[in-house]
Amino acid sequence: MRLVAESGLWRTGPAVAAVPLVAVVEVDGAVLAWTVDEAEKQAQITLTDADRADWLWRVLGEDGHRAVAAAAAQPPDVDRGVDLPSVEVRSGTLDGLRRLAIGHWLRRWWPVSVQDGIIGLDPALLDAEIALLTAQAEDFMGEDSLDADIGALLAPHAAALTLHLIVGEPRVVELVVRCVELAQDVGVDAPGWADLADTVEQMTASPALVSAHHDDYALAAGTDTGPTPAGLIARGVTSMAWSAVPGGVFDAAEDTVGWAVTADGDRVNAVLQVAVVGPGSPAGIPIRLRCNAFTAAGALDESGRASLELIDAAGRPATVTQAWDQNWSATVVTVGAETAEPAQSRARVRRFARNRLAEPGPDAYLAEILAAESDY
Numbered sequence: 025m026r027l028v029a030e031s032g033l034w035r036t037g038p039a040v041a042a043v044p045l046v047a048v049v050e051v052d053g054a055v056l057a058w059t060v061d062e063a064e065k066q067a068q069i070t071l072t073d074a075d076r077a078d079w080l081w082r083v084l085g086e087d088g089h090r091a092v093a094a095a096a097a098q099p100p101d102v103d104r105g106v107d108l109p110s111v112e113v114r115s116g117t118l119d120g121l122r123r124l125a126i127g128h129w130l131r132r133w134w135p136v137s138v139q140d141g142i143i144g145l146d147p148a149l150l151d152a153e154i155a156l157l158t159a160q161a162e163d164f165m166g167e168d169s170l171d172a173d174i175g176a177l178l179a180p181h182a183a184a185l186t187l188h189l190i191v192g193e194p195r196v197v198e199l200v201v202r203c204v205e206l207a208q209d210v211g212v213d214a215p216g217w218a219d220l221a222d223t224v225e226q227m228t229a230s231p232a233l234v235s236a237h238h239d240d241y242a243l244a245a246g247t248d249t250g251p252t253p254a255g256l257i258a259r260g261v262t263s264m265a266w267s268a269v270p271g272g273v274f275d276a277a278e279d280t281v282g283w284a285v286t287a288d289g290d291r292v293n294a295v296l297q298v299a300v301v302g303p304g305s306p307a308g309i310p311i312r313l314r315c316n317a318f319t320a321a322g323a324l325d326e327s328g329r330a331s332l333e334l335i336d337a338a339g340r341p342a343t344v345t346q347a348w349d350q351n352w353s354a355t356v357v358t359v360g361a362e363t364a365e366p367a368q369s370r371a372r373v374r375r376f377a378r379n380r381l382a383e384p385g386p387d388a389y390l391a392e393i394l395a396a397e398s399d400y
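Residues 25 to 400 (my numbering) make up the sequence shown, in order.
Quick caveat, the hints were computed from the structure, so don't treat them as lab data.
The structure presented is a predicted model; accordingly, all values stated were derived computationally and were not measured.
Hints are not guaranteed to be accurate.
What the hints assert, rightly or not - Listed next, with one range per pair, are the computed distances between beta-carbon atoms:
{"id": "1", "residue 1": "A41", "residue 2": "A361", "range": "15 to 21 Å"}
{"id": "2", "residue 1": "A307", "residue 2": "G175", "range": "23 to 29 Å"}
{"id": "3", "residue 1": "P366", "residue 2": "D213", "range": "43 to 49 Å"}
{"id": "4", "residue 1": "P341", "residue 2": "P180", "range": "41 to 47 Å"}
{"id": "5", "residue 1": "R90", "residue 2": "S369", "range": "35 to 41 Å"}
Idealized CB from N, CA, C, for every residue including glycine.
Hey, can you work out the whole structure from these sequences and the hints?
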């Protein structure tokens with residue numbers, strides 16, 4: 025093992041990809057990271073507080089833990105690392121945490137797409153299984169670890185989990201029952217959980233209340249770029265950076281951002297439409313069109329649409345003559361924050377998702393398995 029200094033912290037393990045290709049989980053005193061489509065590589069471990077990382081003995085052995093603790097007590101020095109030749113991560117000791125990190129990655133980055141045919145994952149079932157895995161990893165978690173809040177994972181989903189009980193798919197029922205027990209253990213008192221616990225109790229007493237399973241897992245519908253606007257001057261499509269926007273809102277395919285420059289009398293508008301899949305809302309998410317000296321900025325509405333006045337370099341409304349004289353081939357549309365994100369990274373994510381659906385492995389979540397088994 026070799027410890028190196030990075031951003032004032034000690035780190036060990038291989039380099040990992042940037043978002044959206046990195047899966048991360050925070051444990052007590054450290055952050056663990058993996059590149060999602062490089063399953064053969066070890067974790068990158070960044071020590072945020074080595075004194076609190078008392079789980080290291082489970083991963084490195086007692087001697088390895090002592091060696092790392094002694095090395096990490098030194099101030100991180102970018103000019104030199106610390107070699108610990110007798111210390112290594114024991115095989116399999118971080119497998120559960122990698123699966124937990126993948127679960128959090130699925131919550132944020134799963135590339136739902138109508139256009140590309142990638143079905144969404146049931147958020148209630150996904151969060152339920154992540155909560156159970158978090159409880160199993162309690163020896164690694166600190167009370168204030170970002171990813172340790174079981175209550176926050178379970179609280180929003182009482183109604184959805186109740187519906188899953190009624191549907192009655194046996195694997196789902198088992199998952200929900202375990203989650204109700206966990207919720208009672210950690211004290212989840214959000215709306216609907218008492219009723220859900222009662223439903224589980226009644227179901228356990230009367231198994232006939234559980235109905236036969238039917239396939240109820242569907243992909244949310246997206247939106248297209250809409251009809252041709254009146255007074256069309258120019259139009260096109262482009263892509264957005266996933267890391268610039270909230271998850272669970274937009275279609276994750278490429279070329280899902282439609283733009284048009286239109287004339288309405290003496291007014292010139294930029295009409296923008298982004299394909300949405302939900303369940304999140306696009307309302308209020310910033311969007312900006314830019315082409316040379318012309319700009320239009322505003323926010324999307326609930327349908328993922330915005331109609332914005334086009335402004336010239338002097339800050340005045342653009343004229344129709346200016347718009348017709350402009351070459352719009354250099355148009356750039358930014359959705360959300362300004363960020364650089366290679367299209368190749370998004371393609372890797374979609375390939376990773378398709379592979380997980382095509383051949384669910386031993387680390388697959390039930391939400392993935394159900395999606396893979398569906399007819400969509």
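The hints, checked one at a time:
1. A41 x A361: 15 to 21 Å: Given a distance of about 19 Å, which is inside 15 to 21 Å, the answer is holds.
2. A307 x G175: 23 to 29 Å: 27 Å, holds
3. P366 x D213: 43 to 49 Å: The hinted range 43 to 49 Å holds for P366 and D213, with Cβ atoms some 44 Å apart.
4. P341 x P180: 41 to 47 Å: Because 44 Å falls inside the window, the suggested range holds.
5. R90 x S369: 35 to 41 Å: Distance hint for R90, S369 holds at roughly 39 Å.
Violated hints are absent here; each numbered hint is respected by the structure.
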